[in-house]
Amino acid sequence: MTSESFEEMLSGGHPNSLGRTIEVVDMVLANSTRLLDLYNCYFSADEIVRLRTSNAIKRISLENPEWLIPYIDKLISEISDINQPSAQWTLANLFQTLSVFMSNTQRNKAKNILQKNLETYTDWIVLNNTMETLSKWAKNDSILKEWLLPHLERLAHDSRKSVSGRAKKMKTALISS
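Numbering (numbering that gives the first Met the number 0), first residue to last: 0 to 176.
Careful: at least some of the hints might be erroneous.
Said to hold, decoys possible - Straight-line C-alpha distance at most 25 angstroms; calculated SDA-like pairs for lysine to any residue:
1) K160 - A172
2) K167 - D122
3) K115 - S102
Said to hold, decoys possible - Computed Cβ-Cβ distance ranges for the label pairs, DEER-style:
4) S176 - N30: 37 to 47 angstroms
5) F100 - K138: 33 to 43 angstroms
6) N82 - R153: 47 to 57 angstroms
7) S2 - T121: 33 to 43 angstroms
Calculated from the structure, these hints are not laboratory results.
Note that beta-carbon positions come from the ideal geometry of N, C-alpha and C, so glycine has one too.
Please put together the full structure from these sequences, using the hints given.
Encoded structure:
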């Protein structure tokens with residue numbers, strides 16, 4: 000048992016490495032009451048800690064999505080304000096995973112956040128994950144579909160192949176649905 004805080008465990012090392020993220024995930028999966036400690040790492044002054052927090056929360060959501068139900072409003076109101084690509088691309092993933100648990104109000108707020116991110120962010124991972132979630136939602140939301148198609152058309156001409164390729168694929172799928 001370590002006496003280190005999650006913030007200490009998630010800090011340091013190369014920004015592109017996971018560091019001790021998996022160790023933190025395993026600790027939370029073994030004791031769900033530690034999820035709040037991990038969530039609070041989103042408010043660290045250290046960008047690397049926030050990046051690894053996003054990664055850890057996403058991993059936990061895939062194992063036990065129901066654990067994050069009490070955090071949906073906080074994700075919408077707090078994490079959406081973090082101006083860091085990793086927080087925003089993780090939000091797109093989390094909103095997709097948690098959408099089955101969301102109220103209509105929560106889902107509308109999440110949709111607005113993702114729409115804003117698609118309009119304003121240039122980070123390729125934010126764009127790809129946001130397109131993915133919005134495209135899935137647009138299959139059952141004609142207003143969102145109408146809004147999304149011009150954005151997919153714009154992104155289909157992005158210089159980055161992963162962005163343009165995904166935008167073209169999503170646009171084709173939406174038009175045929």
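Hint by hint, here is what the structure shows:
1. K160 - A172: Holds: K160 and A172 sit about 18 angstroms apart, inside 25 angstroms.
2. K167 - D122: Given that 25 angstroms is the threshold and the Cα spacing comes to 18 angstroms, the pair holds.
3. K115 - S102: Given that 25 angstroms is the threshold and the Cα spacing comes to 20 angstroms, the pair holds.
4. S176 - N30: 37 to 47 angstroms: Holds: the Cβ-Cβ distance is about 42 angstroms, inside 37 to 47 angstroms.
5. F100 - K138: 33 to 43 angstroms: This hint is violated: roughly 19 angstroms between Cβ atoms.
6. N82 - R153: 47 to 57 angstroms: With a Cβ separation near 22 angstroms, N82 and R153 fall outside 47 to 57 angstroms, so the hint is violated.
7. S2 - T121: 33 to 43 angstroms: For T121 against S2, whose Cβ atoms are near 41 angstroms apart, the range 33 to 43 angstroms holds.
Hint violations for this structure: numbers 5, 6, all remaining hints satisfied.
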